[in-house]
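**Q** Each chain, letter by letter, is given below.
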Amino acid sequence: MHAGIIFFLVILGSILFHIFTPWYWTDIASNWKGMDDTITLTFWVGGGVFIAVCLFMIYCVFKFSYKEGRKVEYKPEDKKLEKILTVATTLGVAALLAPGLIIWNQYVNVPKNSIEIDVMAWQWGWQYRLPGEDGKLGTTKVVNINDDNPFGINMDDPFGRDDVMVQSDIINLENNRPVKILLRSVDVLHNWYVPQFRAKMDAVPGVVTFYWFEPNRVGEYEVLCAEYCGVGHYAMRGGVEVQDPNSYQEWLGEQETFSDLIAMQNKEIETKKGCKK
Amino acid sequence: MSDEYENNKSGYQAQSSEAITGSAGSTSPDIDYVRPAELPEQDLYHGHTFITKWVFCQDAKVIGVQYFLTAVFTGIVGLILSWLMRLQLGFPGLAGFITAEHYYQFVTMHGMIMVVYFLTALFLGGFGNYLIPLMVGARDMVFPYVNMLSFWMFFVAVVILMASFFVPGGPTGAGWTLYPPQTILEGTPGSGMGILLMLVSLALFVIGFTMGGLNYMITVLQARTRGMTLMRMPLTVWGIFTATVLAMLAFPALLVSAIMMTLDKVIGTSFFMPTILKAGEVLEYGGGSPILFQHLFWFFGHPEVYIVALPAFGIVSDLISVHARKNIFGYRMMVWAIVGIGALSFFVWAHHMYVSGMNPWFGFFFATTTLIIAVPTAMKVYNWILTLWRGNIRINTVMLWCLGFIVTFVNGGITGIFLGNVSVDVPLSDTYFVVAHFHMVMGIAPVMVIMGAVYHWFPLITGRLLNETLGKWHFWTTFLGAYSIYFPMHYLGFIGVPRRYYEMYDSPYMTSAVGMNEFISLAAFLVGAAQFFLIFNVIKTLKTGKRAPKNPWKANSLEWHTSTQPPEHGNFGERLPVVHRWPYDFSVPGAKDDFIPQTTPPSEMVHTKVEKT
Amino acid sequence: MSSDPKIDGFELKPGFRGMASDTGSDQTMFKGVHWGKAMMWIFLVSDTFVFSCFLIAYMKGRGSTPVEWPNPSEVFALDAFGVPVPLLLIALMTFVLITSSGTMALAVKYGYEKNRKMCGWLILATAIGGLTFVGMQVYEWSKLIHEGVRPWGNPFGAAQFGSFFFMITGFHGTHVSIGVIFLFIYAYKVFAGHYENGGKRGWFTTMKGDYVEIEILGLYWHFVDLVWVFIFAFFYLW
Amino acid sequence: MDNTDQISEKEKKTEGSSHKIGIYLWIWGLLFVLSFFSYMVDWYQFQGMLRWSLILFFMFLKAGLIMAFFMHLFWERYALVNVLLWPMTAIACFIFLMAAEFQYTFITRMFYFFVGGAA
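Chains A, B, C and D are the protein sequences, given in the same order.
Going by our numbering, the letters in the first sequence line up with residues 1 to 277, in that order.
Going by our numbering, the letters in the second sequence line up with residues 1 to 613, in that order.
Going by our numbering, the letters in the third sequence line up with residues 1 to 238, in that order.
Going by our numbering, the letters in the fourth sequence line up with residues 1 to 119, in that order.
These are computed hints drawn from the structure, not numbers from a lab.
We treat Cβ as the ideally placed atom computed from N, Cα and C, and that holds for glycine.
Careful: at least some of the hints might be erroneous.
As the list claims (entries may be wrong) - Cut-off 27 Å, straight-line C-alpha distance, at most; resulting in silico cross-link-like pairs (DSSO-like, lysine-lysine): (1) B/K592 x A/K63; (2) B/K554 x A/K63; (3) B/K53 x C/K208; (4) C/K117 x D/K20; (5) B/K612 x A/K71; (6) B/K472 x B/K540; (7) A/K83 x A/K67; (8) B/K612 x C/K13; (9) A/K63 x B/K53; (10) B/K265 x A/K75; (11) A/K71 x B/K550; (12) A/K80 x B/K612; (13) B/K278 x A/K141; (14) B/K472 x A/K63.
As the list claims (entries may be wrong) - Here are some of the chain A residues that sit facing chain D, going by a computed Cβ distance under 10 Å: (15) I28; (16) E133; (17) T139; (18) T140; (19) V142; (20) D156; (21) P158; (22) F159; (23) R184; (24) V207; (25) V208; (26) T209.
Use the sequences and the hints to build the structure in full.
**A** In structure tokens:
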């Protein structure tokens, strides 16, 4: 008897915990509300099944606990009941799957008007690159990376020259403008993850991966690395600042481009030469 | 012929005339007819010395216990590691010796030990060896010598694994998934000897397991006793058998990835290694694909989940049926669900990789296949609780563990639907939601079954009944503790706390989660400590415990109907049993007792309404 | 075994109906199949997965490298009378392995006919074929190493070429070598008459020897040949 | 003991009658011929789909012959054949998906790492 009561209290406790929990997801700051909605839907359906199954079990424990000589039902199979349960479960699962697939379809199809951002990760830090006036990012190679070319841009790529370089772990984004995050790693796996944006994807060395979102709330957010990348994993943080279009443009204008960098370096070399003379 | 062999006249291929006119041959009435044995009796090697009897023993039951004890030993190591991890997470800085390197080594070793060396070895090596021959009515496994080699291979694998704690650099700290390039790069803890020993140990485990797995499969397929059809096997055997099939087909992928990674590490090939810039220098790797490793690993890794889960499903079905005094509901459905889940598990592996950067279109395929698996799994859950319905449920320790299993398994299964559904997985993957999910569904739930199975079969193995009061204390502390570890942990995942964080650093997540982390750690210490109830119980029982009567639970399956209890080598004495029915004839209307052993011939049960045989 | 065995009290139905009734029957699922033979088959399925994983990894590796893959037709060419003949050595190796597979098949046949002499000599012939194959592979390896092909790089193109080549052929060669060792052992056992007169108990087993063991050995050997068919197609011809 | 001899005698007879040496020699010869053909695929340097389909065709034919006759699967009961062939669907699925994966990886690499590689 006490067993049933304790199990019941466990279920009740779980429900109460869910209702009164102070720990729940952060306020969403991107377009992926659909993900939250699917989670909520799954929560209701799944939670309902969980509670129903457990309550049924507890009822059985109360009702049918051992009594000498109790009459027990002997019915090895019940085709009809099994069929009903199968069909109902299949329908339920399909109902959960459908929104999941629809949203995934949005997730892998990036809107045309999105701005591409090259997020480069290493142990343990981030830096960012935005396309310049041509709207295209230059191609890159890991072997090109050095102090003069921190992003490893291919020097013969015409699209690379005007790329805007943000050598900081904080990136600014324009509010209500979709961004396509292009992830790149130079050493191990990383994952550029902002909980408020919901979306994430691994950065894999040797390929470029992508995902997109549309920030829709102005503010500052913390970037976490969400794929284990060595002992510094927990400390690998970055930042995002979502700004309204005007301040964003202002910020963008302050950033240096790849050609700026090259020009500066050439000047440096010249002054060095000058000193020697 | 050596005198160590049973005096057995016939060779293997022959049809022994003795066996043909066995027990239920010509004298019994026609309805009891079971066709004669196809194969002659198996020759067994009977050990005489201590070494051949208890160390290099060829008796599957002894090998099973050896597997069990070795696996439990590694499990205790895993448990201690989890304590250390929780110490760091709940109370960062309290134990000063736990550095980030140590923490990640603990994480890695805990994961690998628990999944492969504890759960897999315990279910298949331990329960599989002990129960398969007994339950299908065989004298022993079909290849006892290979079976013995299998255990010792496993033993060596465990020794090598444990040795990695003591080599320079310590064990590998790359996470139990061993994702390259991380795993073999300088700077990762244990990237020298540690990872090599891990890979060697895994390869040995695979080889050893293949030897054992062949035994389990052929014993089930080719060495059942007379009358034992596949559809009369206890679900325990079905679960272990299907898991073995999965293991035989999934472990090759692990072996291959281990070989390839060893080559990458030792001789500098670039299977998994692209061009890498490390500390300002470009390493001599290039062109490899880290995602390939992930595919290979999860092609093994997902079936591995079911290698752990399916035996648990099988065993819990038997325990529920016996202790609810009622036939398992929908036996046929249960069998097909086990087989179906097993088959489907080879088509879902990349649901672990939705955010890994693989071809994004795979998401559609894998989400669909993954959620299809939910259907047979749900059917199993329904059938368990429908077995309780209108039963006569003994609320003893064994049943409590089963009920605990149902609660935790359904909980973990439902969160699995979150994670399997591709776009829901995106915000939740790599967070504590995942940690909570898989601990609930393949950590706690199978362990509940293991505990139930220990209380259930302990009298068979030792002849003594474990103490019920201690057992109940053990159950409630473990169940309530474990539930309060992992249920709240899901909510950390909702906040977005990533997994594998040594500490939360100075993040906003720190402040909101700190209280819960402390609570979870305390609960974890409690659950670990609660296992002393079991250890104490076992020691006490072995010394002064109540002697178990024969077939104490009044079960039907063959392992309780051996000539002696505990069964001796050869299991069934003079004559092998002849099976006439399925193992779930409990509380049949019209029968004298509330159970009908599988060996009872129909002629003795003519007045009962037996529906299924 | 070829023809259906006789099982007391059980009707062996042909075709798919037989499959259903065999599966649904008690005691054994594979009627008349020796335990060891069933074990070998299951092991071979498992081993198939090993080689499949290797070849799938090779496909993925080769397909995704942006560096040019060396042309196997040229890399494996051999000078015969001053003319480079593409894949000459590989063709010879294939020839040798298929020959040994044929002798093995005949050895199994003569084993079942209890023709000890023929069986033994054919196994020996198979072993020598296997040995020749291994020898040719050693030659192939040393030639490639001489030309500068290494597991971590080669002068012809993508570094993965050498990695996959040495790994896959090495793993296959290991299988062949193990097979050769067992072929010699079993040739000895056949000549020594371990399978005659009820059979002698072997090592590793408490079962008595029987000519079915030759078939089991044969299964393994044919499997090695089978794998070579796939390696030949995917590695040398692609 | 008598039984043993009887059965093996019977076996011997059936073995002999259904497996004439001819069938092995035939298959053996066919394997040589097919190997020769697949070698010719390379010799004549066929390219593209033709090469692929010829390679695969000869490969599967050879594999099928070895399995069916040398490994006796043709004569085995379907229960065994069935069990052996089902697992291959998992491999087929793996191959299919990895083929899609390597193309995706290749295109990604060309697009992002090589100037003008997208074309």
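**Q** Identify whether the interface hint at A/V142 stands, where standing means a beta carbon of chain D within less than 10 Å of its own.
**A** With Cβ-Cβ at 9 Å, under 10 Å, it holds.
**Q** Mind checking the CB of A/P158 against every CB in chain D and telling me if the closest is under 10 Å?
**A** Check passed: Cβ of A/P158 comes within 8 Å of chain D, closer than 10 Å.
**Q** Starting from B/K265, check that the Cα of A/K75 is at most 27 Å away, please.
**A** violated, 59 Å
**Q** Between the alpha carbons of B/K612 and C/K13, is the straight-line distance 27 Å or under?
**A** holds, 25 Å
**Q** Answer holds if the nearest beta-carbon of chain D is closer than 10 Å to that of A/T140; otherwise answer violated.
**A** Holds - the Cβ of A/T140 comes within 10 Å of chain D, reaching about 7 Å at its closest.
**Q** Are the Cα positions of A/K63 and B/K53 separated by 27 Å at most?
**A** Status violated; Cα separation ~49 Å.
**Q** Given A/I28 as an interface hint, is the shortest Cβ-Cβ distance to chain D below 10 Å?
**A** violated, 29 Å
**Q** Can you confirm whether the C-alpha distance between B/K278 and A/K141 stays at or below 27 Å?
**A** Holds: B/K278 and A/K141 sit about 14 Å apart, inside 27 Å.
**Q** Taking 10 Å as the limit, does the beta-carbon of A/T209 come near enough to a beta-carbon in chain D?
**A** holds, 8 Å
**Q** Can the hint on A/R184 be confirmed by a CB-to-CB distance to chain D that is less than 10 Å?
**A** Since chain D brings a Cβ to about 8 Å from A/R184, closer than 10 Å, the hint holds.
**Q** Hey, does the A/V208 contact hint survive, CB to chain D under 10 Å?
**A** holds, 4 Å
**Q** Does A/F159 hold up as a contact with chain D if the rule is Cβ-Cβ below 10 Å?
**A** Cβ of A/F159 sits 9 Å from chain D, so the hint holds.
Of the numbered hints stated above, those contradicted by the structure are hints 7, 9, 10, 15 and 16, listed in ascending order.
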